[in-house]
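Q: Model the full structure from these sequences, guided by the hints.
Protein chains in written order, with our numbering: chain A, 2 to 340; chain B, 46 to 382; chain C, 944 to 1228; chain D, 1323 to 1652.
It is worth saying that the hints were derived from the structure and are not from the lab. Wrong hints could be hidden among the right ones.
Stated by the list, open to error - Where chain D lies over chain A, by a calculated footprint (3+ residues, C-beta under 8 Å):
hint: 1; stretch: 210-222
hint: 2; stretch: 251-261
hint: 3; stretch: 317-327
Stated by the list, open to error - The following residues of chain D were derived to be distant from chain A, with all beta-carbon distances above 12 Å:
hint: 4; residue: ILE1383
hint: 5; residue: MET1623
hint: 6; residue: ALA1630
hint: 7; residue: LYS1637
For clarity, every value in this text was computed on a predicted model and none was experimentally measured. Think of the CB as a built atom: it goes at the ideal place given N, C-alpha and C, for glycine as much as any other residue.
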Amino acid sequence: MSANEKLLDVQHVTVEFHIGGLLAGTLLTAVNDVSFSLESDKPEIFTLAGESGSGKTTLSRLLLRDLEPTRGKVLFEGRDVSTIRKRAEFIEFMKQVQPVFQNPFDTFSPLRRVDAYLFDTVKNFRMASNRRDAARVVDNALRNVGLSLDEVKQRYPHELSGGQIQRVSVARALISEPKLILADEPVSMVDASLRMEIVNLFKKLRDEQGVSVLYITHDLATAYYISDRIGIMLRGYVVESGPVEDVLERPAHPYTQLLKESVPEPAPEKRESWAKHIELGTTEVKEYGRIGCKFAGRCPQVMDICREADPPDIQVGRQTVKCYLYAEHVETPQAGAQP
Amino acid sequence: MRKFILRYLIPRIIQYLTLIFVGITVTYVIPRLAPTDPVEAQVSMMIARGNTLDPQSVESMRAALTDLYGLSGNPVEQYFAFWGRLFRGDLGPSLNNFPTPVSKMIGQALPYTLRLLIPAVVISFIFGNLFGALSSYYPANRALNVLEVLGQVVRSIPYYIVAIVLLVVFSYFIPIFPFSGAYPIGTRPDWSSIDFILTYLEHAALPAATLILVGFGGWFVGMKSLTSNIISEDYVVYAETAGLSKNRILVQYIMRTAILPQFTALAMVLGTVFSGALIMEVVFGYPGIGSLAIRAIYNNDYSMIMGITIYSIIGVATAVFIMDLLYPLFDPRVRYQ
Amino acid sequence: MLKVLRDLLRYDGRFRLAIILLGGVVAMVLLSYDSPYDPGKSFVVPWDLPPSREHLFGTTSRGQDLFWWLTFAVRNSLYLGIVTAIISRVISVLVGLTAGYRGGWIDRVLMAISDTFVVLPLLPILILLSFLLRDSMNLLNLAIILGLFGWSFDARLIRSQVLSLRERSFTRTAIYSGTSGFWITINEHLPFVLPIVFATTLNNILWSIGMEVTLSVLGLSDLTTPTLGTALFWANQHGALVAGVWWWITAPAVVTAILFLGLYLLFTSINEFIDPRTRLRLIGG
Amino acid sequence: MTLLSVQNLHAYYRTEAYGISRTVRAVDGVSFDLFPNEIYGVAGESSCGKTTLIKVISGSIKHPLKAFEGSVNYNFGDYKVDMLQISQSELRRNVRWKRISYVMQGSMSVLNPVRKVIKTFEDIVDTHEHITDKNEFLQRTRTHVNRLGLPTDVLNAYPHQLSGGMRQRVAIALATVFQPALIIADEPTTALDVVVQRGVLHMIKDIQAKSNNTVLLVTHDMAVHANVADRVMIMYAGRIAEEAPTESIFNAPLHPYTQHLINSLPVIGEKSTKASLKGSPPNLADPPSGCRFHPRCPYVMDECRTVAPDLISVKERHRVACHLVKEGSQ
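A: This is how it looks when you write it as structure tokens:
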């Protein structure tokens, strides 16, 4: 692997869906020209944040190879993942990239014991040569998430709490010693009192095991808490991205600003700003179909040009913003335009 | 509207045509796969009946039958010739009632079957669904529980047995209904005479009761399981919380949604119900398609059986197609997609 | 397993009734192996005797003891039902699992075929088929034909179940555990499909026995084999009702009804028991 | 004056099937009062009994749920009633919707999928005050919907044509057609995006401010309570852990569970490490002895394992159930 090779490199990816029948129907662009990358030498937690319908889940399915991009490429360690065809290659890919799903009570079949999945994973990825070895590998993975094989042996999912299952789910993902974990809303269905231990787990994986995490969520507060960098998605576009402190403490895009101030804070004294009147969006389909910036219909600072063409990506400080408000920065596009 | 045509109508038309195509092709293929040659079977049967025939006339009869069955030429030619005759509505003459065309005989018998079948399906559909919904909404009601047991029992038993039981009980042990036929032998149908209509209805009572009973049981049980799921839906619980009257909830909130899958189910079971009607006619000697079929079986009337099969397939497929077309009228979710 | 049976026996009246009814049917099947009469022979007893202690269900116009003859009929009909059910279960499970898991054009083609089989009026086609195969129509062939026609609706049920299972996260978990499609189907999907398979098996046995009765009454099966259908056929042939030999019709009809009711009750009570939703509702788990 | 007074309420689910009987003590000794003109928040994790509590106080007790002890008394000024004694017909005639209305959990699916929205309005209005003049009803409904900031077109739409946020706002409009004294909102924004959630909660606050009625807002999201509620009750395992005005709950929480709920919430702009509680929420079919929080409490004492703490008033309108806090100690 050469030094400048990225762990994950998403290049101008677009995903279009046909909605409706064979003959008619409309084209819905769920992911629109999205690019980002993760470095291979520096493990980090990268968050894709957005509301429902922003395209973040489509993007995660794309990275897990459930979907193929209509345009653009996804490179994993330099290899275009859409060229993976043979089962052996797919197994190799899956060893490196593992998912953690949203609903803990659906991650494992209610009719199977959870440890069966752990042993299956060991067997299929050939992580152990015999049964005793396999048990050791499984136990190790579980200890990494604060559990042990004795605690989950022979247990069905309904015998464990949501937090426990989600930790088992992370343990399963760790068995093949992956370089990247894709976590799609891993804590949104876990009770508040158990939530932080899972979130902390991802931090620990990054710091102690060198695993990069792609964290997909609608929850900006946990995103701020664990991630290094963040991309904010709106109707298929990444409208703003950069280090999480910059993007969430000083959001540049009007949409990010709206999102951030809409997150209620557990502090009654800050009620006033949250209670400020807002305009709610029209229906989803209308925003998808909009030409130009998808936020133009709700943006308090909308200009004529916003309704005419897609805004370009503009570097504002350490953030990249897709907004005409910062258009004066574009003059020297190469020079990384510091204002 | 354009969307509706493209997304709803065209797939249904394709489905309809496929159904007819597959059904007709199957009826074309089956005789050709059969180990017995229908022509030979027919010829040997004629001989067995004691007709002494010289070899030459046997040969000419063989040729005539081969032509009649569409067995001349290679299979592909035969297949196209088969469709050609279908489009002309020509299914050949009945062998037993030579030379009356099969189509004509089916045309005469069909009204008897339909006059029983359609009202019976409608009545059992309405009452089965109504009482099924009532029984899941009022689980403690005794009368409804009795109905449910009746429905469950009848639903599981084949048409033939139900028909036999009704016949034995109500014509034999308690002779209140006539034994067989659509009207007394020797009477001429006269639709202007009240007496004739009364005796016609009297003869139709048990056959109709058979179809209604079995159908009632099926719809009852199906509706009950559908509504018991809908009762716990949010919008029903909400309507209850909002204090709406039980009747309004039952009709507008529960039955209105539960009836939609039942319409789909109705299209699905039409073939079975039709088969049931045929067998019921045999038991009651009712002069519809079923009786036509059994006479054809006894008399080895091959072209008649073929004709009945083809008409049944087209008839059922068309009925299903029409129901599919009507469905969007009931379900706004399909209408406004 | 034993505990399940005990629970069902104790708490479900339908199950108890089903066991009693089917117990009688099974007893008849067993008795057939010790029958004093050969069902193939006629005029072994005086004919047209009404039910008595000596001849439990009376005798027929063909001089056969109806009770002992029916023991063979029940045995053969059950045999037919079970063979048909096995054949059609194999087809419906294969078609359902494949269509559901593979999706795409395979799914569309398989479902178009099974839809056609669902909607087609089977009886006329079966009449045509049996008419042409009348000479070689023994019990086994009939079972095979019915099996080939009786899978479509259940394949549809299984497929829609698998389709929803495929979207569940645990299927994706299994994929990312490196499990192959075959083992996903076996380990993740089949356990959910089994209750459907079981429930539809009983239903399919009912259906095929009913079809046999129907075809036999039309004279389209092997009439020398005693079955519930041929019993009714011979009774009709001899004009049993008109001749006042009502028991010849009534006895097979009642035995058929008992068999059907028993199987149906077994089907509903077990179905309810294995449906996780009802179970959860009942146990509140 | 109190609008609602709940005293020592015990409501259990008791099921029996295939010989196994089970009792889930979903609400186990809860007492609190609701006053006119306030937004009262109820917080707690899944299966802490908050949904059951709502069922009981809204009169929706159905088998296997049963109230075994306690009282639920309403005083609507002109009309007083005990919710545990009321008959179904009286409930329907005098209470439902006219005095107590309901915004359900998962309100997205409360609208009849095969009828237009206006029909649902018609059903509800017609049930409680017979519609004699159809035009007048239409006019009134349009005005009502407009006043709440919704476009009139929604009335002629089928539910599946509306977005989730719009459906939720229609549900709120439905709940307020008669200006009820109490609106019970059960997780009204759980499935919604933050921006839409904010809009919907604004709507609820506006309605309350205009009509001065009482809103009982149930949600597990403490941040929502901080921004919307006037008083908050924290439930844990079927009992009240703490109840106080919002300011006190957030600025001076007394119960270790409350402290954890608030302190573990991540906040933008602050990166200090947050921890989870050990263990899992208890099984209410077999709750822990003594204080139900003791297996997870960082400050557990011997007393906690055997004796359940009483809910005591520590100061004006602030009650807490914890052995660490003594009566009037603050």
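Q: Please go over all the hints and tell whether each is borne out by the structure.
A: Verification of the supplied hints:
1. 210-222: Coverage by chain D holds for the stretch 210-222 of chain A (3 residues, Cβ < 8 Å).
2. 251-261: Per the Cβ count (3), the hint holds.
3. 317-327: Result for this restraint: violated, n = 0.
4. ILE1383: At roughly 26 Å from the nearest Cβ of chain A, ILE1383(D) sits farther out than 12 Å, so the non-interface label holds.
5. MET1623: 20 Å, holds
6. ALA1630: 20 Å, holds
7. LYS1637: Non-interface label stands for LYS1637(D): nearest chain A Cβ at 17 Å, farther than 12 Å.
The structure shown violates just one earlier hint, number 3.
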